[in-house]
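Peer 1: So the protein sequences, as listed, match chains E and C.
The first sequence begins at 1 in this note's numbering and counts up one residue at a time.
The second sequence begins at 1 in this note's numbering and counts up one residue at a time.
Hints may be right or wrong, so weigh each one.
As the list claims (entries may be wrong) - Computed far set for chain E versus chain C, every beta-carbon distance over 10 Å:
(1) Val24
(2) Ala29
(3) Asp31
(4) Val42
(5) Thr49
(6) Ala66
(7) Leu71
What the hints assert, rightly or not - Covered stretches of chain C (in silico footprint by chain E; criterion: 3 or more residues with CB under 8 Å from a CB of chain E, positions within the stretch not fixed):
(8) 36-43
(9) 140-148
Don't read these hints as lab results, they were simulated from the structure.
C-beta atoms are modelled at their ideal positions from N, C-alpha and C, and glycine is treated no differently.
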Amino acid sequence: MSESPMPLWEVFIRPRNGLAHRHVGSLHAADAAMALQNARDVYTRRGETFSIWVVPSNAIVASDPADKDILFEPTGSKIYRHPTFYEVPDEVGHM
Amino acid sequence: MSQTSSNSRAQWLIRLGDGALILGHRLSEWSSRAPTLEEDIALSNLALDLIGQTRALYTRACEIEGGTRDENTLAYRRAEHEFRNPLLVEQPNGNFADTMARHLIYSAFALPFYEKLRESNDAEVAGIAARSAREMAYHVRHASEWIIRLGDGTPESHAKAQAAFDELWSYAPELFEADALDSEMAACGFGVDPSTLRGAFDATLGPVLREATLKRPRDSFGLRGGRVGVHSEHIGHLLAQMQHLQRAYPDARW
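This is chain E alone, in the form it adopts within the complex:
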């Protein structure tokens, strides 16, 4: 409908204080203020939200999926990197 497509934004939501922002999706908006507003309307309708981040999609530097084998595969066989040998005390809570 619009002549030139509006920029794309990535949306991150923090459900509660103390948790990290999580990527929830993307949307189109003319500028940052409208992106925040759209994020509120599109992504926070059903749950509690503590804060929203919006980031221009073209500001994100991404790894190439084709590099998957080089970047990530070798870690699979190094089980000593997985902290499964420790018992985490209950008092620690979220880790």
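Given the coordinates of chain E, assemble chain C onto it according to the supplied hints.
Peer 2: Coordinates of chain C only, in the frame set by chain E:
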């Protein structure tokens, strides 16, 4: 409290709910037709806020009445002349600028209205007002941001936004006119006198119109009638659609 005063209080709440319902229905007409997916959801959210306010206001009114009517009777079983919404909210959606201008005018009125109504001596009504004020603050923000971008956008969007305000401005005075019922409700501490809110309205609109590079239309005589049941031609079509199901299949449920 006397019977008369119960009736007046219920009547006053129903009139307030009528404004919210008709505007909410108008906004719902944008569903699946808005310019973008994001705005489609935003407009539906705004519509649902207003319809939620209506339900609470109608339900409280029916409790006060103590009769057999409920929120559905009020919404679906009343004729045109029984609706007491201001003419502004029944005006057609027009283009997107028309809808946003109408919404800014209404929400800039409704925000200070509900802020004041939080002091109602009816705890239930004060609670409804507190929630509604929070919602209307967002409505003002959403409509303002759009009006600024349309007004200060392209020559075409500017022209459409200016035309929208020029067209709708004559419906604004009715929002602020207090009749005997308003005065009675304000005097007894139950309601709000809308004529006290024009200053707050102008203080909201002024900066938005300036930033949008739009001219504030000249105040005119004003078009009125909805609040005494004398409507524009548009409401008949709106009610025909909104009430069709309950009129054709009374008490239908799903």
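Peer 1: So which hints don't hold here, by number, going up?
Peer 2: 2, 3, 4
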